[in-house]
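**Student:** Below are the chains, spelled out letter by letter.
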Amino acid sequence: MAERPEDLNLPNAVITRIIKEALPDGVNISKEARSAISRAASVFVLYATSCANNFAVKGKRKTLNAGDVLSAMEEMEFQRFIAPLKESLEVYRREQKGKKEARKDKDKKADSEEQDKSREEENDDDDERMEEEEQNDDEEVDN
Amino acid sequence: MAAARLSGGCGGGGGENRLVSLPLSRIRVIMKSSPEVSSINQDALFLTAKATELFVQYLATYSYKHGRGKEKRALSYSDLSHTAEESETFQFLADILPKKILASKYLKMLEREKRDGEMEEDDDDDQEEESEEEDAES
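Line by line, the protein sequences give chains D and P.
For what it's worth, full-length UniProt numbering labels the leading residue of the first sequence as 1, then goes sequentially.
For what it's worth, full-length UniProt numbering labels the leading residue of the second sequence as 1, then goes sequentially.
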């Protein structure tokens, strides 16, 4: 999937924004520091993936799951990430469920566009996520 | 559709209320570049992206706090390489964040190493002689 080495880079604009939000206002971040953090982030992804994969192998599973990633964090001595990660995962799961229901709503009542708009805005452009949803799109809607 | 494109497209201010700002598709490409990984579920992908975000924040704030640019209100490369060298947790970054030194310093280091090497060789000779003596005695 990664054909060029640039494919393993993360978008600079996003990395810069994350750094700026983390540091106090007005701190200057050199260009070299930015690209170094960006490279470090890619290495972090690979390191975390490899650790998580070890846990999956131990559990005789072929697919990496949430538990594998959380175990990897502990192994890598980033325990401090575990609580915030669990929290966001819960919000993420709820959001995904909400999106599914919003989509069902839209199919049901195609006329009431106003209602859907607010929900639609929460959607982002992640196609893969949409595909995944389609596969298990058979939940009940309680409306 | 228009609304979806709007919220997905704006790079600057729109990120605050989004759960994760790094693109999941890119994170997936990086994860899949690891040959032993066969498949990743959506939760694991989301968690890895979020963890990477936390990591970037942590690396930046840690390096700023422990770095030398605090008075100048600046974060520089040397603050990061210092972190990779000093902190146990960030040790895995040491290879990709090597410490920079001046060429003149490097040359001096090489010279010193050469001299130390010679001295060590002398030491070795001494030791060998000693051990030979010991052998002779026993």
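No lab work stands behind these hints: they were computed from the structure.
Be aware that a few hints might be false.
Unchecked claim - Within a straight-line C-alpha distance of at most 27 Å, the following computed DSS-like cross-link-like pairs (lysine-lysine) qualify:
#	chain 1	residue 1	chain 2	residue 2
1	D	Lys-62	P	Lys-100
2	D	Lys-20	P	Lys-70
3	P	Lys-114	P	Lys-65
4	D	Lys-86	D	Lys-97
To be verified - So these bits of chain P aren't anywhere near chain D, every CB distance computed over 10 Å:
#	residue
5	Val-37
6	Ala-60
7	His-66
8	Glu-113
Each residue gets a CB set at the ideal place from its N, CA and C atoms; glycine is no exception.
**Student:** Tell me the hint numbers this structure goes against, listed in increasing order.
**Tutor:** Hints 1, 3, 5, 6 contradicted; others consistent.
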